[in-house]
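*Asks:* Listed here are the chains, written in short residue letters.
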Amino acid sequence: MNYRKVKQANIKKTNIVMGLYVLIFLSIGLLGETIWRVALLPPDMNLIDGMSLILNEILEGKIIPYFTLIMVAASLGIIAMTIKFGNKLMLSGTTNIKLNDKENLTQDERQVLNIVEELKISSRLRFMPDVYIIEESYMNAFASGWKEDNSMLAITRGLLDKLNRAEVEAVMAHEIAHIKNADIRLTLVVGILTNVMLMAVDMLFYSVLGRGGDNSKAMQQARIVIFILRFILPLLTIVLHLYISRKREFMADAGSVEFTGDKDSMISALQKISGDYEANDYKNERENNSRQYAEIFSPKKLFSTHPSLEERIASLGGMPRS
Amino acid sequence: MWIALGISVLVIVYLVSLYNGVIALKEAVYTDEKAIGIQLDERNKLFDSLIATVKKFMDHEKGVFEEIVKLRSQNKSGSVDKATEEKLSAIVASGQLSSGINMTMEAYPELKSGTNMLQLQESIENIERKLANAKKAFNASIEDYNSKVESVPTIFIVNQFQKQLKFDFERWALSEAKIEQAEERTVSFD
Numbered sequence: 087m088n089y090r091k092v093k094q095a096n097i098k099k100t101n102i103v104m105g106l107y108v109l110i111f112l113s114i115g116l117l118g119e120t121i122w123r124v125a126l127l128p129p130d131m132n133l134i135d136g137m138s139l140i141l142n143e144i145l146e147g148k149i150i151p152y153f154t155l156i157m158v159a160a161s162l163g164i165i166a167m168t169i170k171f172g173n174k175l176m177l178s179g180t181t182n183i184k185l186n187d188k189e190n191l192t193q194d195e196r197q198v199l200n201i202v203e204e205l206k207i208s209s210r211l212r213f214m215p216d217v218y219i220i221e222e223s224y225m226n227a228f229a230s231g232w233k234e235d236n237s238m239l240a241i242t243r244g245l246l247d248k249l250n251r252a253e254v255e256a257v258m259a260h261e262i263a264h265i266k267n268a269d270i271r272l273t274l275v276v277g278i279l280t281n282v283m284l285m286a287v288d289m290l291f292y293s294v295l296g297r298g299g300d301n302s303k304a305m306q307q308a309r310i311v312i313f314i315l316r317f318i319l320p321l322l323t324i325v326l327h328l329y330i331s332r333k334r335e336f337m338a339d340a341g342s343v344e345f346t347g348d349k350d351s352m353i354s355a356l357q358k359i360s361g362d363y364e365a366n367d368y369k370n371e372r373e374n375n376s377r378q379y380a381e382i383f384s385p386k387k388l389f390s391t392h393p394s395l396e397e398r399i400a401s402l403g404g405m406p407r408s
Numbered sequence: 261m262w263i264a265l266g267i268s269v270l271v272i273v274y275l276v277s278l279y280n281g282v283i284a285l286k287e288a289v290y291t292d293e294k295a296i297g298i299q300l301d302e303r304n305k306l307f308d309s310l311i312a313t314v315k316k317f318m319d320h321e322k323g324v325f326e327e328i329v330k331l332r333s334q335n336k337s338g339s340v341d342k343a344t345e346e347k348l349s350a351i352v353a354s355g356q357l358s359s360g361i362n363m364t365m366e367a368y369p370e371l372k373s374g375t376n377m378l379q380l381q382e383s384i385e386n387i388e389r390k391l392a393n394a395k396k397a398f399n400a401s402i403e404d405y406n407s408k409v410e411s412v413p414t415i416f417i418v419n420q421f422q423k424q425l426k427f428d429f430e431r432w433a434l435s436e437a438k439i440e441q442a443e444e445r446t447v448s449f450d
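As given, the protein sequences belong to chains S and W, one line each in that order. Okay, so the first sequence: first residue is 87 according to the working numbering, each after it adds one. Okay, so the second sequence: first residue is 261 according to the working numbering, each after it adds one.
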């Protein structure tokens with residue numbers, strides 16, 4: 087596998103989608119500004135002309151885009167909250183032990199900590215992440231943290247018991263690659279932008295309903311656009327979010343190979359994890375949804391945050407299981 | 261006029277960020293170079309203390325083992341008392357046990373040096389990997405530095421500030437002779 091190529095290709099794809107996201111965010115902001123000031127427009131002006139008029143006035147500094155500024159402020163506020171409480175949120179609902187300052191580590195626990203120390207060096211991470219073991223029998227692992235210096239890794243007991251040293255190393259390297267690529271930050275920001283956008287569209291929807299009397303051309307068109315947006319936007323954001331998430335998984339797999347120099351262990355670890363999910367029914371696992379973007383594997387088929395096993399193995403340069 | 265000023269400010273900010281980026285990469289190379297020495301030092305210290313600890317433990321357990329065997333054989337050479345012997349031969353005679361079997365059950369205390377050896381193995385694997393990874397990280401840092409410094413548009417900045425930004429780092433590698441020597445090595449238990 088040429089991990090440099092895989093990384094580059096997927097960075098490009100995420101950048102395009104992120105650009106699209108910001109564009110949608112700003113367009114909704116502009117739509118809000120226009121609806122807010124619809125009374126200032128000539129009554130027979132259509133929506134597009136109205137929006138470009140408002141955009142010009144904003145760019146010339148004649149009006150301040152309050153609606154968009156509020157959207158941005160709300161996003162930043164929620165981001166600040168998640169930076170503070172993110173790691174605790176990710177671990178909530180689990181029994182876990184933190185290994186970094188635990189005394190009397192067992193053989194397995196010592197090994198996990200050693201593996202993370204090794205990978206910290208090969209990945210050139212400048213801080214030692216907190217390492218947690220979650221006392222559950224299903225096989226999974228995830229990473230969290232806004233920046234490298236408050237990052238954490240968690241691995242379930244099931245994964246630790248069923249994989250050998252090289253496979254655990256591959257899984258941990260995948261998670262460290264998520265930290266290095268700032269994927270947790272990326273998916274969080276995308277999630278928050280999505281929610282703020284949906285909230286803004288909802289607000290616009292009710293304010294448009296409340297202004298039934300206004301029958302200018304721009305307002306009539308704005309009503310239609312918002313009705314459509316209210317149905318399309320949730321679906322569109324899910325598709326984009328999943329797209330980004332899947333591309334980042336390919337990148338993390340590539341990073342794992344970069345840090346361990348061993349693609350076969352990553353492949354066999356993925357096969358074992360997927361086989362384990364097929365053989366067992368872990369019903370209680372899905373209760374914390376905040377984790378699913380960060381985990382190594384997602385058992386879901388449709389609307390999965392992760393690419394399929396076959397795609398991941400193909401990207402890693404292995405032969406798919408027949 | 262204002263627009264031109266704005267654009268030139270942006271360009272300057274961009275150029276400064278390129279310059280700073282190269283400085284950060286250069287410093288990372290130095291840090292990663294020294295990290296190899298740190299790992300070597302850690303390895304030497306760890307090996308000394310590990311070997312001392314394990315030796316001590318094994319000596320101790322060897323003593324325990326010898327003591328047990330000695331005590332057991334002493335016990336065997338002394339005679340079993342009469343009543344027990346009669347009981348035993350009665351059992352044998354009744355045919356409940358086939359007389360040919362001579363059973364000896366001995367319980368030994370669990371010896372710890374087996375687990376110690378496993379821990380030792382893990383420690384050695386850990387430190388050796390850390391050392392190898394430190395070398396890989398050093399080389400990767402040089403790769404990052406070189407590919408930044410040699411690519412457009414950074415190369416224009418670097419040419420302006422040769423003294424501050426241009427360095428010729430050499431990647432960590434075994435010498436040719438050592439590589440040949442290492443290639444010939446095979447596993448042998450003789």
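No lab work stands behind these hints: they were computed from the structure. Heads up, some of the hints might be wrong.
Here are the simulated DSSO-like pairs of lysine-lysine, each with C-alpha atoms no more than 27 Å apart in a straight line [to be verified]:
1) W/LYS438 to S/LYS93
2) W/LYS438 to W/LYS305
3) W/LYS305 to S/LYS233
One-sided and incomplete, this derived list gives chain W residues near chain S with beta-carbon spacing under 7 Å [stated by the list, open to error]:
4) ALA312
5) LYS316
6) GLY374
7) GLN381
8) GLU382
9) ASN386
10) ARG389
11) LYS395
Where a beta carbon is used, it is the ideal one built from N, C-alpha and C, also for glycine.
*Asks:* It remains to establish, for every hint, whether it holds in the given structure.
*Replies:* Evaluated hints:
Pair hint W/LYS438 plus S/LYS93 does not hold up; C-alpha atoms about 34 Å apart against a cutoff of 27 Å. Our distance criterion of 27 Å between C-alpha atoms is met by W/LYS438 and W/LYS305, whose separation comes to about 25 Å. A threshold of 27 Å between alpha carbons decides the hint, and for W/LYS305 with S/LYS233 the separation of about 33 Å lies outside it, so the pair is violated. The beta carbon of W/ALA312 is not positioned within 7 Å of any beta carbon in chain S (closest approach about 20 Å), and the interface hint is therefore violated.
With its C-beta approaching chain S no nearer than about 20 Å, W/LYS316 sits outside the 7 Å limit, and its interface hint is violated. Taken as an interface hint, W/GLY374 does not check out: its beta carbon lies about 12 Å from the nearest beta carbon of chain S, beyond 7 Å. Because the beta carbon of W/GLN381 sits about 10 Å from the nearest beta carbon in chain S, more than 7 Å, this interface hint is broken. Among the interface hints, the one on W/GLU382 holds; its C-beta lies about 6 Å from the nearest C-beta in chain S, closer than the 7 Å criterion.
The interface hint given for W/ASN386 is met, as the beta carbon of that residue sits about 4 Å from the closest beta carbon of chain S, less than 7 Å. Below 7 Å, beta-carbon pairs count as interface contacts, and W/ARG389 has one with chain S at about 5 Å; its hint therefore holds. The interface hint given for W/LYS395 is broken, as the beta carbon of that residue sits about 9 Å from the closest beta carbon of chain S, more than 7 Å.
In the structure shown, a violation is registered for the earlier hints numbered 1, 3, 4, 5, 6, 7, 11, in ascending order.
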